[in-house]
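*Asks:* So the chains spell out like this:
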Amino acid sequence: MSEAVSHHDHHDHKPSGMGRWLFSTNHKDIGTMYLIFALTMLFIGGAMAMVIRAELFQPGLQFVTPQFFNSMTTVHALVMIFGVVMPAGVGLANWMIPMMIGAPDMALPRMNNMSFWILPFAFTLLLSTFFMPGGAPAGGWTLYPPLVLQTGAAFPFLIFAIHFLGISSILGAINIIATVFNMRAPGMTFMRLPLFVWTWIITAFLLIATMPVLAGAVTMLLTDKFFGTSFFSAAGGGDPVMFQHVFWFFGHPEVYILVLPAFGIISQVIPTFSRKPLFGYESMVYATASIAFLSFFVWAHHMFTVGMPLTGELFFMYATMSIAVPTGVKIFNWTATMWKGAMSFETPMLFAIGVVIMFSIGGFSGLMMGITPVDFQYHDTYFIVAHFHYVIVPGILFGLIAGVYFWLPKWTGHMYDEKLGKLHFWLSTISVNMLFFPMHFLGLAGMPRRIPDYNVQFTEWNMVASIGGFVFGLSQLIFLYLIIKCVRGGEKANDQVWEGAHGLEWTLPSPPPYHTFTTPPKVTEATAHS
Amino acid sequence: MFVNKLRNCLTGIVSLVSFFWAGTAAADWKLNLTQGVTPISRQVYDLHMLILWIVTIIGIGVFGVIFWSIYYHRKSRGAVPAQFHHSTVAEFTWTIIPILILVGMAIPATKTLVMMEQTGDADITVKITGYQWKWKYDYKNEGIGFYSSLAQDSSKASALRSNIDPGTVSNYLLDVDKPLVLPVNKKVRLLTTAHDVIHAWWVPDLGWKRDAIPGYINDNWAIIEKPGVYRGQCTELCGIGHGYMPIVVKAVPEKEYLAWVEETKLAQAAAAGDSDKEWSADELKAKGEEVYKNTCAVCHQANGQGVPGTFPALDGSAIVNGALADHIDRVVHGKNLMPAFGGQLSDTDIAAVITYERNTWGNHTGDAAQPKDVKAGR
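Protein chains in written order, with my numbering: chain X, 1 to 530; chain P, 1 to 378.
Everything labelled a hint here was simulated from the structure, so no lab data went into it. Please note that the accuracy of each hint is not assured.
Claimed, not checked - The following label-pair restraints were derived from C-beta to C-beta distances:
#1 X/Leu310 / P/His85: 42 to 48 angstroms
#2 X/Phe296 / P/Glu263: 34 to 40 angstroms
#3 X/Gly216 / P/Ala302: 26 to 32 angstroms
#4 P/Lys127 / X/Ala178: 54 to 60 angstroms
Bear in mind the structure is a predicted one, so any value in this text is a computation, not a measurement. Don't be surprised by glycine CBs; every beta carbon is placed ideally from N, CA and C.
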């Protein structure tokens with residue numbers, strides 16, 4: 001085994017100073033930068049959420065103007081989706097994929113560097129709009145015209161920021177596909193790949209297919225505002241609803257882009273802590289591919305109330321309901337992985353089990369929303385807000401957090417503080433449910449989305465949600481503290497770290513040398529994925 | 001009040017448990033969808049409950065298996081891990097059964113959706129137009145039309161740091177000056193469209209919402225089976241006033257509805273005649289203050305200071321203190337983000353609000369605009 005992995009490369013020197021980071025072509029360093037960026041943006045987007053929950057704590061307008069409130073909801077979403085979840089996913093991909101497939105780095109290391117550095121630039125553009133006349137964008141992250149065309153000086157900055165974010169994602173996706181297709185070690189066949197790599201391959205194809213569509217949509221907004229086109233203006237022969245079609249053709253696959261990497265992480269964590277192989281590896285791959293394929297056919301379920309013909313409404317209802325089948329297969333396979341295993345509940349496993357349960361809750365509300373005639377009551381209410389926050393926060397975010405806990409010892413060489421990790425988990429889980437579960441009731445009771453103030457009948461649940469929100473936000477400081485503490489020191493981690501861990505990445509030292517697998521390992525069925 | 005609300009929270013959390021055991025009773029605790037007062041709303045409610053029960057049962061089943069496994073299949077309990085990792089029978093079963101459940105859901109859902117499309121043979125038709133930030137209701141066949149804006153007391157209390165307790169305002173943010181009056185037990189066809197950006201018209205008790213899209217018209221129907229007042233809100237983000245343009249439907253017996261139609265027709269005819277009347281400055285200012293609060297204050301603020309960078313201040317403004325004709329032109333024809341109020345307000349209303357603006361706060365022009373001046377300026 002020792003000849004397969006060359007730990008002690010005789011020149012394992014790293015560059016130093018600012019240049020190491022600005023000009024990095026190393027997948028580990030770039031992965032680290034993506035993750036630090038995402039964590040920073042989590043607190044920025046989270047602060048906006050705190051403003052929202054503070055204002056919604058009681059009826060009456062106490063803290064911010066309706067304009068600023070609308071900016072908060074808009075930019076909170078843009079930051080969380082494009083600044084937290086997507087960069088964190090790419091960061092984990094960067095760190096782990098080369099090590100998982102036995103490759104020395106990503107296929108295109110310089111492009112990898114640019115893909116990262118585009119992000120701080122794009123978000124500076126976006127966040128600087130708070131200081132411009134008219135303020136930050138306030139038309140919702142979904143950018144519907146004609147409203148979005150009423151945005152002030154911020155408008156071109158918004159559009160350009162989105163263009164840059166899209167470019168970063170597309171380049172990252174190309175890199176991942178090129179790496180996995182061309183640089184797998186001998187014996188690492190596709191059906192031996194860890195599921196995290198599979199979910200990222202599929203995510204990368206989704207990104208390449210859909211980010212250009214978003215770019216097209218926002219470019220049409222730009223020309224409608226500045227160059228006299230009327231794509232979205234009925235007076236000029238256009239249609240505001242066409243924007244929604246184009247946007248959601250991107251928007252629906254986008255949510256799978258957000259979730260599939262997290263599903264991949266869960267598929268690594270659960271088998272490890274169950275000490276049992278992943279149940280149904282092949283059907284997990286096919287289910288993921290089916291979800292991605294089907295995701296192109298359901299976009300108009302975000303638009304059920306625009307006034308589509310009956311046939312359209314029926315088609316999108318049936319297509320939307322059908323996604324429940326492969327998604328259910330995945331949930332059942334994770335459960336079957338746990339079944340008759342020998343489980344231990346370290347922090348990564350706690351978060352992973354939390355994902356399985358709470359993503360399912362989000363999935364149930366999603367299925368309810370897929371039933372068109374009932375969606376006419378749910379749409380644009382807090383029921384929808386509850387649904388997507390359940391799938392994104394205790395679904396995706398908890399999955400990413402599970403990945404961080406899972407791989408931190410590998411990256412740093414130190415075990416993180418397990419007691420703090422468990423505290424983080426329990427506080428987060430209890431508070432996240434306090435925060436989002438009542439929103440189901442609010443939506444059913446009649447509270448619309450994106451309003452800064454509400455009738456007194458909605459007070460109680462809003463109070464519960466706000467308290468949950470404040471606790472949830474504060475709990476993430478535990479995570480920050482724990483990460484810093486782990487980087488600085490802790491109990492030494494060995495190569496395998498976790499008793500049930502299998503895969504090439506767990507044959508490397510913790511922390512791994514700057515350059516790993518400079519000589520590819522030979523992979524057999526025995527040494528492949530868990 | 002705060003302690004009471006907190007106590008209510010905790011009661012609410014406890015009632016969460018009772019939600020699953022007390023289906024219809026839960027509606028009183030505002031946990032669930034309303035059953036509503038139309039054939040559509042009741043079918044939609046039944047469909048909602050069916051799906052909710054199905055997912056609840058599935059959830060209890062799946063989470064039950066997970067929690068069982070967490071307890072019994074633990075290393076600390078001495079469990080030895082099995083090594084199985086596939087089963088075609090299991091995969092097949094948990095693919096086919098969900099498909100069958102979904103088909104079972106899709107059938108009633110399809111029936112309900114088809115029923116909702118039957119907008120023909122209506123007894124009356126009302127066109128609903130969304131504006132930033134109010135609704136307009138036009139009864140084409142009856143020849144009446146009016147704007148419906150957030151009620152004054154809600155508007156005042158909802159200002160930033162107003163220090164007015166919303167609990168003291170009746171139907172806070174859900175009350176309007178002029179409700180949509182409809183007859184019960186008649187098929188009403190409701191057309192939705194918009195003037196500026198996309199809005200959405202939603203009254204939960206009617207059982208549906210529909211987007212109001214500028215340049216396009218959507219077609220909907222309702223038969224309201226019970227007299228009463230039903231409230232809803234705009235449900236598509238439409239700018240700063242999105243949370244401040246509620247909907248109130250007043251369903252009354254047919255006789256009462258017909259009487260209201262006549263009364264409204266007469267009032268509108270009378271108001272139209274006002275264009276030729278000469279008003280006193282005080283009459284104009286008083287009326288103008290009402291119009292300002294209802295229509296202009298949302299952007300230019302009650303104190304006339306506007307929002308720096310977005311909505312200009314009227315207090316001390318060059319236009320307001322300048323030539324009357326220019327001031328009229330600005331209000332009637334709008335400019336950039338400011339809508340053209342010529343289409344929304346009568347000559348009398350515009351004359352009144354202009355007179356008010358020119359003679360309040362720090363503005364003392366001393367002049368007044370008459371409705372006929374506005375008419376001339378269109």
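*Asks:* Are the hints correct? Go through all of them and say.
*Replies:* Each hint, compared with the structure:
1. A hinted range of 42 to 48 angstroms holds for the C-beta pair X/Leu310 and P/His85, which are about 45 angstroms apart.
2. Checked against the hint of 34 to 40 angstroms, the C-beta distance between X/Phe296 and P/Glu263 comes to roughly 55 angstroms, which is inconsistent with it.
3. For the pair X/Gly216 and P/Ala302, the beta carbons lie near 43 angstroms from each other, so the given range of 26 to 32 angstroms is not met.
4. In this structure the hint that P/Lys127 and X/Ala178 lie 54 to 60 angstroms apart at CB holds, the actual value being about 56 angstroms.
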